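S.K.: Assemble chain B onto chain A, guided by the hints.
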Amino acid sequence: MRHAPTIIALALMFLLPVVVLILQAGAPGWRFPELWPELSLDGLRFLAARPGPFLTALAGSLGYSLATVALTLAMTILPAQVLAFGSFAGKNLLEGLLLLPALVPAMTFSMGLHFIFIKIGLADTIPGVILVLSMISYPYMLRALTTGYSLMGREYGICARNLGASKWTVFLEVEMPLLLPAMAAGGSVVFLVAFSEYFLVFLIGGGSVASFTGYLFPLITSSNRGLGALVTLAFLAVPIALFIVLELVLYRYYRKRRMR
Amino acid sequence: MHRRTLRGLAPLLLPYCALFCAGMALTLAQSLGLFLPLGTGEATLDHYRTLLQDPAMAQSLGLSLFVALVSAAGSVLGGTVLALALWRMPPGLRRVGVVSKVGLILPHVAVAFLVLLFLGRTGLVSSALFQTGLIASPEEFPNILHTGSGLGMIMAFLIKGVPFALLLIGAVLFGFDVRLVQTARMLGAGPWRTFWSVTLPRLLPAMHSAFIILFLYAFGSFDIPFVLGESHPGMLSIRVYDIFFQRDLDQRPLAMAILTLMFLFAGLFAMLYNRFAAYLDGWRRKL
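If you're matching them up, the sequences are chains A and B in order. Residue numbers for the first sequence follow the working numbering, beginning at 1 and rising by one. Residue numbers for the second sequence follow the working numbering, beginning at 1 and rising by one.
Same shape as in the complex, but just chain B:
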């Protein structure tokens, strides 16, 4: 690498190494039992062994993966459908899409509050059902939040995720040459065929990046699970928080070991998913 290139990159590379790499290195070191406020000072893999043997960990991982997968897939699907629907509107009417910015601007904590207001046992949906006579008391309203199903969290992630996916996919779609679609139609392709062979392949890269970002965000996020989640089994991030802040200092390596595994999973997932998307793209082109 040229010295000039290196000097140009320095303003970013220095803080990157000093903050990101150093922070991650210390998380890894503490997971091995090194550099702890209290400890033997010898490296050990015991904490990873403890984690792997804990059945509650598998449950937490399952819940994290489930919530992340459903919310990311739902957001990409919803965002794509909304983007296509807005795209078909006359340009003047298209501006109604601006209301989706509400979901982009509101912080995760505030969106979680909205879900509480609507879906809580004494929330608005429950009130509406009571008024229409479908339920006789708040106890009859199905418990949606804090049940271990992750449903409330998924709702909150969707409110944040759909406008995000809409923004990414819409950016591609609105800058898209309509003549491509018109040509396909003139050559006799039906609307479904046109969508499948012309429109969708051009949207896929944006859909893939939206999915990766949203999936990994939901997988590792803390704010929404902290408000809407449940402690059993609890998302992985909540488990880390519990161990880090609520238990003894000698349990800290356990929290750091979970974090290290989450980091590895996130990095590997992003890499493998990109490979997979490229492979699928190549396979489509061959057809």
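Bound conformation, chain A alone:
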């Protein structure tokens, strides 16, 4: 079979780690030099006995990540339309500048921002974390929405306006349904960026904002590898579950509107 090398490479790089994580989660005592672990449920029992911190961290991360998605969407939807349809002097330069926060190291501006946030009382708060996460992730939403608008074209909107629809109606009834796939794509990336960030949440949240990465971090450097593996698996499961839900919701929405 001539496609076997590709499949083996993919499996070694991405499937093997998941299998190892599952084994390690089921065998906290798996250590050198055993190649096959003795399975036990100690890790799960440990988590079930004290689920509090785990659930707080999970809820915290989910909360600020979803809020970041909502904020980036609100920040970029009008500008994306301007960038897709408008033409003005310096447009290319502006687009380049607006992409910078995703390109330059996040540390460079966030450490200066931290000082400002302390002065105005946003440091160590959830809104502060959401603001700084939006800053590093909005370029992905902006790119997705700009592409979405360009692919859609402006004819539908002009048509609806000519037929007497108000600006809001045009947006809600014409543009938004067509833009949903772009929003979903941009939102998924923004969610992943926010959900996986460790340093910025640690810096701006100052330890008082509960986060999943902050919960995982001490585990992976400690000797409790079983629990570390368990939490890492949850990291994989939560976004996948969210993406499946998103897909189902979109599908039902389109079927209801008979667009599919």
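Worth double-checking, as some hints may not be accurate.
Claimed, not checked - Keeping only pairs whose Cα atoms sit at most 20 Å apart, straight-line, the calculated SDA-like set for lysine to any residue is:
(1) K91/A x T147/A
(2) K119/A x A25/B
(3) K91/A x L272/B
Said to hold, decoys possible - The following residues of chain B were derived to be distant from chain A, with all beta-carbon distances above 12 Å:
(4) T50
(5) S100
(6) P142
(7) F195
(8) W196
(9) A255
Just so you know, the hints here were simulated from the structure itself, not pulled from any lab data. Remember, predicted model here, so these are calculated numbers, not experimental data. We put the beta carbon where it would ideally sit given N, CA and C, even for glycine.
M.R.: Leaving out everything else, chain B in the frame of chain A:
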């Protein structure tokens, strides 16, 4: 610029200036010794001078550049090869590519954990070598992590980077008109010539953007170096962290000066690389 354009851009421009520009301006100001919690309040370039004279800084910069370059180039190469291999598969089989999403979803901290599990001295690879009798004790396993070579960090960045490059390059490749390739083949071009003159030029823009993004991310990232890195020489981001959190407040301008230089480098690199890619493209077209 029209007033309507400006009003349309306002929801983004306001937070951009208030958070990104203001944060960067303060980083710059603090690197010059201004607006500090403690300080003389006079602007000075002394901190930049200190940095330039410190030989350890050059080492940190070298390591950061090395790790970023190798991991970004490796990711783009791996992503391109995988994308091409998946492209040649029948559409049903192509779906196996979905497993690469694991690398996209797992956070950097978790990927660093995976590298620890596999490549640590008492990790899985070491266990496997012990069981096969190639080594007699964990001490004989070559120390890969925390040695200053950056190898562990590169491994972790590859696990995150390959699926990212695969996603960007695959998006172009899978939406690609196969008739172009068929025409080239019918006109007598060999498979290698077809790839070189038809397929590759269309993939290059995606490869260039993947390279820029991955290179700059690895260059300035903190999470992976914090878990897998070493303190000597240490990536630039780790050095900033050490100065910012572990030393006296009067050393803070030093951290901010490193950050300012990193910012300038990242901005210049993105700009010059884009120019360079456009120049190469024009040069290819002339041939």
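S.K.: State for each hint whether it applies.
M.R.: Going down the list of hints, with the structure as the test:
1. K91/A x T147/A: Holds, at roughly 15 Å.
2. K119/A x A25/B: holds, 15 Å
3. K91/A x L272/B: holds, 19 Å
4. T50: holds, 18 Å
5. S100: Per Cβ check, S100/B is inside 12 Å of chain A; nearest 5 Å; violated.
6. P142: holds, 15 Å
7. F195: Answer for F195/B: holds, closest chain A Cβ roughly 17 Å.
8. W196: Correct as stated: the minimum Cβ-Cβ distance to chain A is 21 Å, above 12 Å.
9. A255: Contrary to the label, A255/B does not stay out of reach of chain A, its closest Cβ about 7 Å off (not over 12 Å).
Consistency with the previously given hints fails for numbers 5, 9, ordered from lowest to highest.
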